[in-house]
Amino acid sequence: MSDSSKRGRSDGTWIAELDICLAKGAEIPEGDTHLLERLARNETPSDLRSEACLSLAADWLDKCSRDHPECDADKNKQAFLPTRIIDVGSPTTPPHLHVTGDGETGKWVALSYCGSADSSFTLNASSFNNLRSGLPLADFPPTLQDAVLVTRALGLRYLWVDALCTFQDNSNDLTVEVSKTSQVYSNAVVTIAATSAETLDDGFLDKREPHFNCSFPWRRQDHPDSVEDGCRTCPVFFRRGRSPLNKDRPRDSRWATSGWTLQEELLSKRLLYYTRREMIWQCRAGKATEPEEEPTRDPTLFSMVKELQDGSDSSEDSKRSMAAKYKVWYEVLKEYVARDLTSENDCLPAISAIADSFHTQLEEQYCAGLWRGDLLFGLLWSLHCSSGGSGPPGRMLRRALLRLFDYQDKHPTLPARKPLTGVSKNRGPSWSWVGADDLAGITWPRESGTFDYLATVVHVEVRDKTHDGFGSIEGMALTLDAPYRHLGLRLGTYSRSPRNPISLVQRALTRLSPLARTRKLAEIALMRPDCLASTTTSGSVIVPSRSKEFTLIQLAKTSIGPRPVLYVLVLQRQKRDKANGAGPQRYRRVGLLRLMPSQPDNDDYIGEAMTDLLEGVAYREVTKKEWPVGTFVID
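In terms of full-length UniProt numbering, the numbers along the sequence shown are unbroken and rise by one, the last being 635.
Calculated from the structure, these hints are not laboratory results.
Cβ coordinates follow ideal geometry from the N, Cα and C atoms, glycine included.
Among the hints, erroneous ones may be present.
What the hints assert, rightly or not - Quick list of simulated restraints, FRET-style, between CB atoms: (1) GLU51 x GLU474: 34 to 40 Å; (2) PRO136 x THR83: 23 to 29 Å; (3) GLU344 x ARG132: 32 to 38 Å; (4) ASP173 x SER343: 17 to 23 Å; (5) SER321 x PRO142: 25 to 31 Å; (6) ASP173 x ASP62: 23 to 29 Å; (7) GLN572 x PHE80: 47 to 53 Å; (8) GLU364 x SER343: 25 to 31 Å; (9) ARG276 x VAL629: 40 to 46 Å; (10) GLY103 x TRP627: 28 to 34 Å.
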């Protein structure tokens, strides 16, 4: 049972924390003073269309608007209505599409949902007149029917649904309206998050099946003989309590793992989640769940973004404030890259509205998922090809060495992560994280020290398709001045098992003797390739079998405790074509190196010791003499 006055043990550990709610309809005799009787008053109705559920949602909104000044600082100022919006009508008046006039203002609800790409119920040239004239509510798909009912219950007139308010057969209209997404969600009074609806045909107000995890027997002290054995049994629903162990948003749905819904969630003023088990309210004041009425504050990504939007800079701590804003951006990216995208063209558009919102705070150039003022740190992303997550770069080398010395059984390799499907390696510039093959494996350095940047950003050239700087791009070239060195590598063909996800360069290490070729190995020891190799039907991975020349450029240095760390970008020359034949040599980023000197007192097992040895030799090789500085144009 939840106890808000005790937040964990004194030693910092946590125990299970549960809320217990009695199922709707369970009989509790009057006068029973037992704990379970008191819990029974916190009923969770199984029918989300019930007066109790709809009233609770309306009460949450009413109390938030009335009692939370931080949630509605501009409540007396109505926003301009979107280009088109659904007028939900009334029980006797059918919903219809309203085309707004110039300067028309109002209040609306936004719907966030996972729709089917092939849904026939959309706004297009042939459906426009019917939607504008009005259709019976029964003709709408169940998810949209439910959204209309909730909007009416909240006492609001307008509902914005992307599929019905944007022409789905007009690419120009789609481009224009997608660029307005930030304003649509940030100015909506509340956003309905239909997390339990997998498609438009599912609905989210269907009767909930009671989640009876167990039956809870209790004894009535005042009537011990009222039931057999003096005990009464009643089914109860257990809900996870509030603790840092619980995620800050529902995770058991397609909606919660969609790349598109993240910006709809984070930009909203308020959120009304309809999950499979309960309703959840989220606003700047915190989060509330059934049957609770008052929100409680918990640190979430939503709250971090809202604090950034509400903050004001002062000249004396402007630098620290900017660093905090960049940190929130990387937290957003961390969440975003873990989500699913279905189209190779969605990577930047699906986060464009959040970027637009951040641009208001940062007031600097947006560079394909990164920011000009923090671009050099942004370039330090790396791709983890395994499910090992965000472990140290040396882990991949360590696995190679373990296999070389038959340490497989003692230190098994984790299963491979499944690369993001349907995404092309050509969707973004190679130097940005959007150009990686597997977004789910992207991380940034976790070192907390200060970074000393050795490269300088000279110019960023953007060719975007939407002309707002936040959506799809046709190309983006980055020009850097940096210390450089050329290096030749030789790679070969190898077979990759799903249980041995190792990078191309790291696999090449297993074909050589680390003792005889230490220096050569050290030069490529911590290579983190940005792109996964293509696979044949037999599962073989094909890599170049001839020597290739790569260019290393020193990007930044920092420290982990007393040990300095050096980050080096690995570039590859591009072939000249007619378009750039007369221009400067152009490069593509292919990986990242992280190097540091050897540590005398290291673990004694062979993988750790050899990894540290190679890191140390590579670090000394790179830093023993000053590198010349050159200019590099990276696509």
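A quick look at each hint next to the structure:
1. GLU51 x GLU474: 34 to 40 Å: Given a distance of about 54 Å, which is not inside 34 to 40 Å, the answer is violated.
2. PRO136 x THR83: 23 to 29 Å: Because 25 Å falls inside the window, the suggested range holds.
3. GLU344 x ARG132: 32 to 38 Å: For GLU344 and ARG132 the Cβ distance comes to about 34 Å; the hint holds.
4. ASP173 x SER343: 17 to 23 Å: 18 Å, holds
5. SER321 x PRO142: 25 to 31 Å: 46 Å, violated
6. ASP173 x ASP62: 23 to 29 Å: Roughly 36 Å apart at Cβ, these two residues miss the hinted range, so it is violated.
7. GLN572 x PHE80: 47 to 53 Å: 49 Å, holds
8. GLU364 x SER343: 25 to 31 Å: 28 Å, holds
9. ARG276 x VAL629: 40 to 46 Å: 58 Å, violated
10. GLY103 x TRP627: 28 to 34 Å: 60 Å, violated
Hint compliance for this structure: hints 1, 5, 6, 9 and 10 are broken, all remaining hints hold.
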